[in-house]
Amino acid sequence: MNIFLRELKANLKSLLIWSAIIAVLIMMAVAKFSAFAGDPETLKMLDSMPQVLLDALSMRGFNLTTLSGFYGVMFIYFGLMGAIAAAMWGSDIISKEERDKTVEFSLVLPVSRSKVITAKALAALVNSIAFVLITWAVSLVMVRSYNPDPAFHAFLGLEMRAMFAIELIFLAIGLLLGCAMKQYKRAGSTAVAIILATYFMSIMSGMQEKLDFLKYFTPFKYFDAGELFRSGTMNGTYLLISAAIIVISLAAAYWIYNKRDLYI
Amino acid sequence: MNANIYRHELLARLKSVLIWSLAIAYLILFNFSMFPVFADQAAMMNEFLARYPRELRAAFGLDRMDLSTVSGFYSFIFFFVQLCLAIQASNYGFGLVSVEESELTADFLLSKPVSRSQVLTSKLLAALTSLTITNLVAWACSFTAVLLFRGARAYEPRTLLLLLGSIVIFQLFFLNVGLVISLLVKRVRSVTPYGLGLGFGAYVLNAFSGILGDVKLELITPFKHFDPTYIVQHAAYNTPLLLLNAAVTVISLAASYWLYIRRDIPAVS
Chain A
916 MNIFLRELKA
926 NLKSLLIWSA
936 IIAVLIMMAV
946 AKFSAFAGDP
956 ETLKMLDSMP
966 QVLLDALSMR
976 GFNLTTLSGF
986 YGVMFIYFGL
996 MGAIAAAMWG
1006 SDIISKEERD
1016 KTVEFSLVLP
1026 VSRSKVITAK
1036 ALAALVNSIA
1046 FVLITWAVSL
1056 VMVRSYNPDP
1066 AFHAFLGLEM
1076 RAMFAIELIF
1086 LAIGLLLGCA
1096 MKQYKRAGST
1106 AVAIILATYF
1116 MSIMSGMQEK
1126 LDFLKYFTPF
1136 KYFDAGELFR
1146 SGTMNGTYLL
1156 ISAAIIVISL
1166 AAAYWIYNKR
1176 DLYI
Chain B
14 MNANIYRHEL
24 LARLKSVLIW
34 SLAIAYLILF
44 NFSMFPVFAD
54 QAAMMNEFLA
64 RYPRELRAAF
74 GLDRMDLSTV
84 SGFYSFIFFF
94 VQLCLAIQAS
104 NYGFGLVSVE
114 ESELTADFLL
124 SKPVSRSQVL
134 TSKLLAALTS
144 LTITNLVAWA
154 CSFTAVLLFR
164 GARAYEPRTL
174 LLLLGSIVIF
184 QLFFLNVGLV
194 ISLLVKRVRS
204 VTPYGLGLGF
214 GAYVLNAFSG
224 ILGDVKLELI
234 TPFKHFDPTY
244 IVQHAAYNTP
254 LLLLNAAVTV
264 ISLAASYWLY
274 IRRDIPAVS
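Quick note, the sequences are listed as chains A and B, same order. Heads up: the first sequence begins at 916 in the working numbering, then just goes up one per residue. Heads up: the second sequence begins at 14 in the working numbering, then just goes up one per residue.
Wrong hints could be hidden among the right ones.
With a Cα cut of at most 30 Å, we get these calculated DSSO-like pairs of lysine-lysine [claimed, not checked]:
id: 1; chain 1: B; residue 1: K237; chain 2: A; residue 2: K1016
id: 2; chain 1: A; residue 1: K924; chain 2: B; residue 2: K237
id: 3; chain 1: A; residue 1: K947; chain 2: A; residue 2: K928
id: 4; chain 1: A; residue 1: K1097; chain 2: A; residue 2: K928
id: 5; chain 1: B; residue 1: K237; chain 2: A; residue 2: K1011
id: 6; chain 1: B; residue 1: K28; chain 2: A; residue 2: K1100
id: 7; chain 1: B; residue 1: K237; chain 2: A; residue 2: K947
id: 8; chain 1: A; residue 1: K1174; chain 2: B; residue 2: K28
id: 9; chain 1: B; residue 1: K199; chain 2: A; residue 2: K1097
Honestly, the hints are just simulated from the structure, not real lab data. Given the structure is predicted, the values throughout are model-derived calculations rather than measurements.
All chains, please: the whole structure from these sequences, using the hints.
Shown next as structure tokens:
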């Protein structure tokens, strides 16, 4: 409990900075949306655009003149921000002890290593939840002037749950990296590599049919905004894959951290 | 400039440079290998789009995106290369001097008979050399990819040269801005979140302005300063933005020297 509270406090500043960034992002985006809201000209043009092009811009199936369509296009950026934030929190919360040379101190406390990870993971989880809730709240406040209908609220809720799922995946991967990497520096850089690689994959898989199989490797495609919008639910297969990634990463993180030699 | 510091910095960063270079080489070669397939689809798309009024196409940036030509498709890939380069350069910038403090080696380094400005110069030159290696890899891979996969399609070497030539200015921007931010804050605990924040932040800001219309904020992001689609379309840099970019770089550099020479560096207790 002490570790949990300590970590919450230590990560508060980071959470505030990330929240400020996403709030600015949403504000900018909604300001842009005002130019498109209910504009019939735009709608006509969107209707007649070829599918390939919409795919390349990841705008398939969205009507940009409605709030829901607009938020669908925005989703990839929410997912990206959530993924970066969660991966950084996850890897940093473990590896920082070695970086700041405090790992000997925290591990001689009368708590098992597993308990240390649990407390830290929970603190990072609370941060991730708060991040989604803040994104949600800021969105709701910003779009109020457009009088959104219940359908939009449902879609926004779905998007935020998907964003949370992406965060969870990257949080688990980040924790695993923090626990497994022998050198604390590698944890962060490997997390960057994974985020960049999966992000590029998500773009590529949408562009080319031959590369469609890539979608199984990138969490950004597990929760594709177009799919969410059309089906109104999250795809069960992908939810299972996500759960598997999370469980395996966490199990591996505990297992490795319990027996590893520390970098001092 | 001190040869020992330079050499040490270069060697310390060698592995990271190799990994980034490989990633960028793969990104360029693999994606460009899709060009022949994609070009056929894109040609059809262009015919279709040509029927729309100019203003509407402009609103979505479609008039600038022509994936059926070599330079059009290349500029599309170049955008992702830029993202990687931005993250790499800002990582190096943030870590340049802050790493000495976080790893408690700052007082060792600064007790050497070398002035602080010499330390900074050596480190900057080493970082620049590292970035240039990556840059050269990008040049080599781009030309290889274009020559291998362009097929019968023509391409304008001038546009390609312009795009690749922008890399070094782009890298310097992130290197110097990263450096000055790392000196402005009291302590950089971990380099990666900062580097990622700067790189991705600038990228998302630009991607955002790409979706729809105009917003003035986009002017602060280097991704807009060296917008590949703009360079391809006009076969020239956007001069005012280029100057703005260079000015920010120079100011950051000057401020970094000023700050570093006066910086209070905590001793190891």
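Status of each hint after checking the structure:
| no. | hint | verdict |
| --- | --- | --- |
| 1 | K237(B) x K1016(A) | violated, 41 Å |
| 2 | K924(A) x K237(B) | violated, 37 Å |
| 3 | K947(A) x K928(A) | holds, 29 Å |
| 4 | K1097(A) x K928(A) | holds, 27 Å |
| 5 | K237(B) x K1011(A) | violated, 35 Å |
| 6 | K28(B) x K1100(A) | holds, 13 Å |
| 7 | K237(B) x K947(A) | holds, 17 Å |
| 8 | K1174(A) x K28(B) | holds, 28 Å |
| 9 | K199(B) x K1097(A) | holds, 28 Å |
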